[in-house]
Structures are given as C-alpha cells and as structure tokens.
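K.L.:
Sequence:
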Amino acid sequence: MTTADLYARHVMPTYARLPLTLVRGEGCRVWDDHGRGYLDFCSGIAVCSLGHCHPRVIDAIRDQAATLIHVSNLYHMPQQAQLAAEINDHHVRLPGKVFFSNSGAEANDGLIKSARRFGHRRPQPDGTPRVETLTFDHSFHGRTLGSMAATAQAKIHEGFDPLLPGFRYLPFNDIAALEAGIRPETVAILLEPVQGEGGVHAATPEFLRAAAALCRKHDLLLLFDEVQAGFGRCGEAMAWRAIAPEIEPDGISWAKGMGAGVPIGAFWLSDRAIDVDGTPLSSIMGAGSHGSTYGGNPLVCAASLAALREIRESALANHALHIGNHIRDTITSWQHPLVREVRGIGLLIGVALDADRISVPEGKTAAATVVGTLLDAGLLAPAAGPETVRLLPPLNITQAEADEALAILRRLLDALS
Numbered sequence: 124m125t126t127a128d129l130y131a132r133h134v135m136p137t138y139a140r141l142p143l144t145l146v147r148g149e150g151c152r153v154w155d156d157h158g159r160g161y162l163d164f165c166s167g168i169a170v171c172s173l174g175h176c177h178p179r180v181i182d183a184i185r186d187q188a189a190t191l192i193h194v195s196n197l198y199h200m201p202q203q204a205q206l207a208a209e210i211n212d213h214h215v216r217l218p219g220k221v222f223f224s225n226s227g228a229e230a231n232d233g234l235i236k237s238a239r240r241f242g243h244r245r246p247q248p249d250g251t252p253r254v255e256t257l258t259f260d261h262s263f264h265g266r267t268l269g270s271m272a273a274t275a276q277a278k279i280h281e282g283f284d285p286l287l288p289g290f291r292y293l294p295f296n297d298i299a300a301l302e303a304g305i306r307p308e309t310v311a312i313l314l315e316p317v318q319g320e321g322g323v324h325a326a327t328p329e330f331l332r333a334a335a336a337l338c339r340k341h342d343l344l345l346l347f348d349e350v351q352a353g354f355g356r357c358g359e360a361m362a363w364r365a366i367a368p369e370i371e372p373d374g375i376s377w378a379k380g381m382g383a384g385v386p387i388g389a390f391w392l393s394d395r396a397i398d399v400d401g402t403p404l405s406s407i408m409g410a411g412s413h414g415s416t417y418g419g420n421p422l423v424c425a426a427s428l429a430a431l432r433e434i435r436e437s438a439l440a441n442h443a444l445h446i447g448n449h450i451r452d453t454i455t456s457w458q459h460p461l462v463r464e465v466r467g468i469g470l471l472i473g474v475a476l477d478a479d480r481i482s483v484p485e486g487k488t489a490a491a492t493v494v495g496t497l498l499d500a501g502l503l504a505p506a507a508g509p510e511t512v513r514l515l516p517p518l519n520i521t522q523a524e525a526d527e528a529l530a531i532l533r534r535l536l537d538a539l540s
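Be aware that the sequence shown starts at 124, since it is given in the working numbering, and climbs by one per residue.
Take the hints with a grain of salt, since some may be wrong.
[To be verified] Quick list of simulated restraints, FRET-style, between CB atoms:
hint: 1; residue 1: Leu268; residue 2: Gln458; range: 41 to 51 Å
hint: 2; residue 1: Gln458; residue 2: Thr416; range: 47 to 57 Å
hint: 3; residue 1: Pro178; residue 2: His157; range: 25 to 35 Å
hint: 4; residue 1: Pro178; residue 2: Leu129; range: 23 to 33 Å
hint: 5; residue 1: Asp260; residue 2: Ala396; range: 27 to 37 Å
hint: 6; residue 1: His199; residue 2: Ala303; range: 43 to 53 Å
Everything labelled a hint here was simulated from the structure, so no lab data went into it. Backbone N, C-alpha and C fix where the C-beta goes; we use that ideal spot for every residue, glycine too.
Between the sequences and the hints, there should be enough to build the whole structure, so can you do that?
P.N.:
Next comes the structure, spelled out in structure tokens:
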C-alpha cells in the first residue's frame, strides 16, 4: 500500500495535498520516494529557516534528546530561560517577557488573551471592559477558534459560525480607515508586518507609524504577528524593523522559522508600564492565566536556541535581504507578461500572476496551476491566495541555488505564455 493510499484511508482530508511524497532533505533540497530531487522554495512554509538537517540543529536535538526531552512547566528549564534571553537580548532588543507555545495559532491566541486581559485592566470610562481587536483584510492568524476569528478571510470562517466575537476587519494600509475604525471598545490592533498567506503584502512605513501613534493616543496595544515573517526572513531579526525600525510594539507572536523545523511558537509582551504604579504589561499574564503542556520543553528550546544563534551569528538576516533583492530584481527585469508584480521583503517573496493570461483547469486557480507545474519541473513553492506564488527558500540559500530556481521559474512562465 502506498503512502497516498494510507493517507486516503487513515488521515483526515484537511489538506489538498500535491502528489508528492518526500522522504529526505539536505540544505535547500529534498528528495521523494522515487529518488528525485527538488529545490525547496517552500521550506515547510517558511519553517525550515536553515534548510533541511542543518548540522547545528541536528547536534542540539541529538544532545538534548539524550539528556532530557520533556518536563512540565511547573519547573525551571535552563534551555527555556536561555532561549527567552536570546530572543529578548539579540532579536527583539526591547525589555519584555516570552511565553512558549507549540504553534503560531497558539501564539496569536496568547496575544488575543493578553489584549482581553489588558481591556479588563484598562476599561472604558464607565467600567465596561474593552474587548475589540482590529485586524485587516487578507490577514491570516491561524486555525484555532480565536486566531481564526481574528483572520479577515471569509473562506477561513466558512462553516464555523458563530465565531468568537470581538474582532473587526479593516482595509490594510488604509490610514484613514484605521483612524475612523477605533471605537470605545477597541483595545488592540493586530497585524502582520508582511502578510504571508494573504498574498505577500507588506505594510507601508506610514501605516505602521500611524498604527503606533493611534495606539499611544487611544491606549491600545500594538500587536505584530511575525509567525511567518520573523527571525530574519525579512532582512531584519524582527520584520517590523525592516519597515519602520523606530516602532516599539506591545506584543509579538512567532513560530515557523524560529525552530528550523521543530514545532515551537511563542509570544512576547513588553515590560512597558501600563499605569501610574509602573505595572509592566508583561505581568498581566500571571500565574494561572495561560499555559501549555508541551510549550517550551527542553528539546524544542534547545533546537530553537541553536537555530536562532546560527541565524544571528552567521548574519543570515542580511543575507536574506541580499538574496531576496536579487530574486525580486531578476524576476522584475524579465518584464514577463504573466507576472503582474513581485512583492515582499527579504526572502518572503510573492510573484503576483496575471491570471487572465494563464490557462487554468476547471476548479483550480492560476497560482495552484503554476505551483503544480513548478513541482513537475523540480521546484517546490506554495501559493499565497489564488493569484500569487510564494518563494520561501531557507535563509542560508546560496546565490547559485537562487539562480537555479529562477531558471526553472523562467522556463515555466515562458512555456505557459
């Protein structure tokens, strides 16, 4: 019985999986069960930030697995403390505290809960708690009931009503709409500095600065979802710094690339004072307010610590910016009739297609068609909506590997046109 047969019989059909079974990886390449190799510009959807089987991460996992895999968060763990210090001191570089989870959706749920707790601590003038978080069209924050409700995409909501209340969706990068959208019950603004799943749209510097100013003016929390964009992918340790570096957010969520393949997520809250008594924001999530059985166990923290140190010590954020600029400039220089635009920052890249010029089989989108054809040609890349293909290679990709992928993409576009 094949792997696909076993999936059909035993695994829920929650993914429209491509006809490919991967069994091995090394660096920027993976191999299927027939021995064919592929350039991996999916990277587990921005998860494998150091490519596959990076020696430093392998060594960290091996050593920790032979020492201590898991203990409860009822106790202290050196690896968790060291990882939090690495994040605070070298990546966020602002005073704050970290909570470790298992995924980005959980991390965003943590931000949502923090906003609710803040809204009870800092209510409306009549004492009514503030509970509304503003999010933006084409956003994606996860698949739990909380993070799904924060996601402004109707297709994500379909069939799951009633959604968790307390969210309102506004146009992305529209300062006037944001200014007009704040109400007495509003407590937070949650946004992706670069929207990944929604088509790779970066926030403008003006929009981020306006959001920060409005948060200060109205006593709101400024929350950044960096699950896909963070830890070097956008050319800075934190993605917002690639856009408006002077901003100081109140909360950040991460996952994906922070573990280089292991399942780990986290959210961060600032230590800034939220009242005249100097109470730090990070203290509002006190004992009993949040938890995770597996979150931040020694094994995943050891792997993540190795990955983040490698990203920092090898200056991979700057490398991602350099290679990302090369990829975008090259595709733009083609002036290809099937490419409308090349978007993104660093190695979070979106190739927007002219769908009207692409022959699409019934039931498929232009992006899905191109993704399937790229797979046949030996290049893995995911879609980002119906008309955009994402390029998400590892942060340590070489220029030769980038050029190899660009040659495949160019040949495919020429064939489709």
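K.L.:
Hint by hint, say whether it matches the structure.
P.N.:
Structure-based check of all given hints:
no. : hint                        : in the structure
1   : Leu268 / Gln458: 41 to 51 Å : 45 Å, holds
2   : Gln458 / Thr416: 47 to 57 Å : 53 Å, holds
3   : Pro178 / His157: 25 to 35 Å : 27 Å, holds
4   : Pro178 / Leu129: 23 to 33 Å : 32 Å, holds
5   : Asp260 / Ala396: 27 to 37 Å : 33 Å, holds
6   : His199 / Ala303: 43 to 53 Å : 48 Å, holds
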